[in-house]
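Peer 1: Protein sequence lines correspond, in order, to chains E and R. Number 390 marks the last residue of the first sequence (UniProt numbering); no jumps. Number 390 marks the last residue of the second sequence (UniProt numbering); no jumps.
What the hints contain is simulated information worked out from the structure, not anything from laboratory work. Hints are supplied without guarantee of correctness; some may be wrong.
[Said to hold, decoys possible] Label pairs and their in silico Cβ distance ranges: (1) Val252(R) <-> Glu316(E): 55 to 63 Å; (2) Arg225(E) <-> Ser244(R): 37 to 45 Å; (3) Asp373(E) <-> Tyr122(R): 46 to 54 Å; (4) Ser326(E) <-> Lys364(R): 46 to 54 Å; (5) Val299(R) <-> Asp353(E): 42 to 50 Å; (6) Glu115(R) <-> Asp358(E): 39 to 47 Å; (7) Ala354(E) <-> Asp357(R): 53 to 61 Å; (8) Asp373(E) <-> Pro213(R): 41 to 49 Å; (9) Ser326(R) <-> Arg381(E): 52 to 60 Å; (10) Val299(R) <-> Tyr65(E): 21 to 29 Å; (11) Tyr65(E) <-> Tyr122(R): 56 to 64 Å; (12) Arg225(E) <-> Tyr122(R): 34 to 42 Å.
[What the hints assert, rightly or not] Going by beta-carbon spacing under 8 Å, a handful of chain E positions derived as facing chain R: (13) Asn67; (14) Gly68; (15) Ala69; (16) His119; (17) Ile120; (18) Asp159; (19) Arg162; (20) Gln168; (21) Glu171; (22) Asn285.
By construction, the Cβ of each residue, glycine as well, lies at the ideal position given by its N, Cα and C atoms.
2 protein chains.
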Amino acid sequence: MAKRVAIGQAGGPTAVINASLVGFVETLQQEVELFGVYNGYQGLYENDIEKLDAELLGWIKSHRYVNGACLGSGRYEFTTERIQKSLLHLKKHCIDTLVFIGGNGTMAALHKLAEEARHIHYDLQVIGIPKTVDNDLSETDHAPGFGSAARYVATAVRDISRDLCAMQNFEQVRILETMGRNSGWLAAASGLLRNGKDDGPHIVYVPERIIEPEHFLANVREAVRSFGYATIVVAEGCKINSFSDQVEKANVQGRTILGGISGVLEKMVKTELGVMARAEILGMNQRSSSAVISKQDQVEAFEVGREAARLVLHGETGRMVTIQRSANIDYTFSMNSCPLQVVAKGGERFLPDALIDDPEAYYKWLRPLAGEDLQPYPTVRKRRILYEKQ
Amino acid sequence: MAKRVAIGQAGGPTAVINASLVGFVETLQQEVELFGVYNGYQGLYENDIEKLDAELLGWIKSHRYVNGACLGSGRYEFTTERIQKSLLHLKKHCIDTLVFIGGNGTMAALHKLAEEARHIHYDLQVIGIPKTVDNDLSETDHAPGFGSAARYVATAVRDISRDLCAMQNFEQVRILETMGRNSGWLAAASGLLRNGKDDGPHIVYVPERIIEPEHFLANVREAVRSFGYATIVVAEGCKINSFSDQVEKANVQGRTILGGISGVLEKMVKTELGVMARAEILGMNQRSSSAVISKQDQVEAFEVGREAARLVLHGETGRMVTIQRSANIDYTFSMNSCPLQVVAKGGERFLPDALIDDPEAYYKWLRPLAGEDLQPYPTVRKRRILYEKQ
Chain E
1 MAKRVAIGQA GGPTAVINAS LVGFVETLQQ EVELFGVYNG YQGLYENDIE KLDAELLGWI
61 KSHRYVNGAC LGSGRYEFTT ERIQKSLLHL KKHCIDTLVF IGGNGTMAAL HKLAEEARHI
121 HYDLQVIGIP KTVDNDLSET DHAPGFGSAA RYVATAVRDI SRDLCAMQNF EQVRILETMG
181 RNSGWLAAAS GLLRNGKDDG PHIVYVPERI IEPEHFLANV REAVRSFGYA TIVVAEGCKI
241 NSFSDQVEKA NVQGRTILGG ISGVLEKMVK TELGVMARAE ILGMNQRSSS AVISKQDQVE
301 AFEVGREAAR LVLHGETGRM VTIQRSANID YTFSMNSCPL QVVAKGGERF LPDALIDDPE
361 AYYKWLRPLA GEDLQPYPTV RKRRILYEKQ
Chain R
1 MAKRVAIGQA GGPTAVINAS LVGFVETLQQ EVELFGVYNG YQGLYENDIE KLDAELLGWI
61 KSHRYVNGAC LGSGRYEFTT ERIQKSLLHL KKHCIDTLVF IGGNGTMAAL HKLAEEARHI
121 HYDLQVIGIP KTVDNDLSET DHAPGFGSAA RYVATAVRDI SRDLCAMQNF EQVRILETMG
181 RNSGWLAAAS GLLRNGKDDG PHIVYVPERI IEPEHFLANV REAVRSFGYA TIVVAEGCKI
241 NSFSDQVEKA NVQGRTILGG ISGVLEKMVK TELGVMARAE ILGMNQRSSS AVISKQDQVE
301 AFEVGREAAR LVLHGETGRM VTIQRSANID YTFSMNSCPL QVVAKGGERF LPDALIDDPE
361 AYYKWLRPLA GEDLQPYPTV RKRRILYEKQ
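If we strip away everything but chain E, and leave its shape as in the complex, we get (with noise of 0.2 Å):
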């Protein structure tokens, strides 16, 4: 009898996730007997789980290219007791498999599932496929999602720049929060597109590294002053000094939702030194653009997908596929994979020390994620500083 394989998709969608739902279903589908899982672990523990018929797979394969997830995915507190109650579920279906798709919640939470699963002699097989725009999964040199969001925040922060260039009679200062939760990777590719220091972003913060108000205020004085305004980038989980606490726009249950440093950040610039500054956000566009994709990103979303199906026809389990890059100059990846208990126990990966002081190494490694066809635009011709006349 063929195995009977589920697969969900959990946490905040990327522009890609649904690639490699798509590389997965396509890969099995003549192999095995697929399930899907709806709105995360909430449809795990709700038991809305529902055999993929030919129309379904026909209507998941027609997501490759869309942005969100077909499935519902969503975010929810995977207690040990929703988890036991769930386990009980996949094995009234006769689920051989379970298959994720997610961030570290996702694979931590499926790592606690497995070993509940052990604990009562449930024989499953259990795989992850990573998924984050933030790129702080560990165990892999980047994840899918990332690349195109990364994209995103590059295009969109020198776009917003340029603007704000021509309109240095009417606002001198943007400030840009970025996605990211507590690592910098998606701030600091904000820079990528920079064509050399007249352009912006002129001065990027990330939350590994704790802004201080003084320097904060001369860095933008001087960028006014050299440039005529300043373009400044912030993730939304920097803290403002060392006994701050992150800015939350929101807590839904129990899960803090960041946001509104740049607001913080915009207020002290018109208090202190008396310029028009405005706050944005740059908001679900960074996971969600489909006009923003990364065309390496899609490719290997859909292949993290096609991986973990031959994990699963391999007998593997307790994995999360992997990918490792050969080079940053003629990039290619391959797949690997990793215990889940190590990707659990990794938590959150930081934008390390020597990219955060040296943002040439990291566009070095960033470029082939987000796009070797981004191409730099014309340098800023210097003019006359608007802001000292008035």
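Fit chain R to the known structure of chain E by using the hints.
Peer 2: Okay, now just chain R, sitting in the frame of chain E:
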């Protein structure tokens, strides 16, 4: 002796305003002596006018596909006194022709300048090139910049809605705020790619209509009940009831920056309906995004620049280039011109009632401008409503 022609850019930049500049200078550079006016009308008043040599022309032409205004733009109150001083500068440079690329404010100012020139018997030829993302310029079917901005709004809202659709157990409502000032062309564009009633945006508010809080809350409640989530679009210029003012983000040099109504509605939804809502301002990317340019818009922006060059050579004056369309299907456009005075008198153009009440008719009108190539996403598959269970 060759004509001496000065060109400037004014108002908020767009993704394609530089294409108009390039179309203009490419067409004229062999025929006339070209001068650049930096930073819009402020540069005119402060004599920031420079002859465009081969190097500068080359640099300008490298901006054909680059967003922002490479000559510098800006907002500037162009008082009669400032206009008079500007005319003295132009006279000193022996400028025969002044051309500005801009929107309503720019055209009104250009008309005033032409009047003042006539008053002092300065035989100055004056031509306007239309540009606006708000599409509120009268006398032209539409203006360059709008098609790309509409494409941005349509794709961003569609993408963010698909993301929300997958996150229903975590958040149920997103309120997305668009540009457009007092007119609803951009906000209404958000529905262009909606595929069936389960898909977002579920509700769209344009400034031409007042939002009634009771209706708003009832609509949101109904959408969340029916679909499990609600994607709401609101134009920055909407008023919440007939007594209230528009929501202002800031006031700079006497000019109001609208912004923040989505935040007001977010609070209302959270407080009155008790569901998780997130406001998001689509922001500067609407007018800046290099990744979401409509090819048709790009072509038309270039062509209105070329048409302005022809008007210069034909000795026309006091006119703005306009665009006419043949038909919505098998769309082609032609160009004409109209008196600046008529544009100035026409003021802001609003979204007509007929198009507000018949979105499909509006989408037919819009599709050739935003991009015939935009493909609809697969339909949203009805899932169990999670919200009711909470």
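Peer 1: Take the hints in turn and mark each one as holding or not.
Peer 2: Taking the hints in turn, this is what the structure says about them:
no., hint, verdict
1, Val252(R) <-> Glu316(E): 55 to 63 Å, "60 Å, holds"
2, Arg225(E) <-> Ser244(R): 37 to 45 Å, "40 Å, holds"
3, Asp373(E) <-> Tyr122(R): 46 to 54 Å, "50 Å, holds"
4, Ser326(E) <-> Lys364(R): 46 to 54 Å, "50 Å, holds"
5, Val299(R) <-> Asp353(E): 42 to 50 Å, "48 Å, holds"
6, Glu115(R) <-> Asp358(E): 39 to 47 Å, "58 Å, violated"
7, Ala354(E) <-> Asp357(R): 53 to 61 Å, "60 Å, holds"
8, Asp373(E) <-> Pro213(R): 41 to 49 Å, "48 Å, holds"
9, Ser326(R) <-> Arg381(E): 52 to 60 Å, "39 Å, violated"
10, Val299(R) <-> Tyr65(E): 21 to 29 Å, "26 Å, holds"
11, Tyr65(E) <-> Tyr122(R): 56 to 64 Å, "58 Å, holds"
12, Arg225(E) <-> Tyr122(R): 34 to 42 Å, "38 Å, holds"
13, Asn67, "5 Å, holds"
14, Gly68, "3 Å, holds"
15, Ala69, "4 Å, holds"
16, His119, "27 Å, violated"
17, Ile120, "26 Å, violated"
18, Asp159, "4 Å, holds"
19, Arg162, "3 Å, holds"
20, Gln168, "7 Å, holds"
21, Glu171, "7 Å, holds"
22, Asn285, "6 Å, holds"
Hints 6, 9, 16, 17, counting from the list given before, are not met by this structure.
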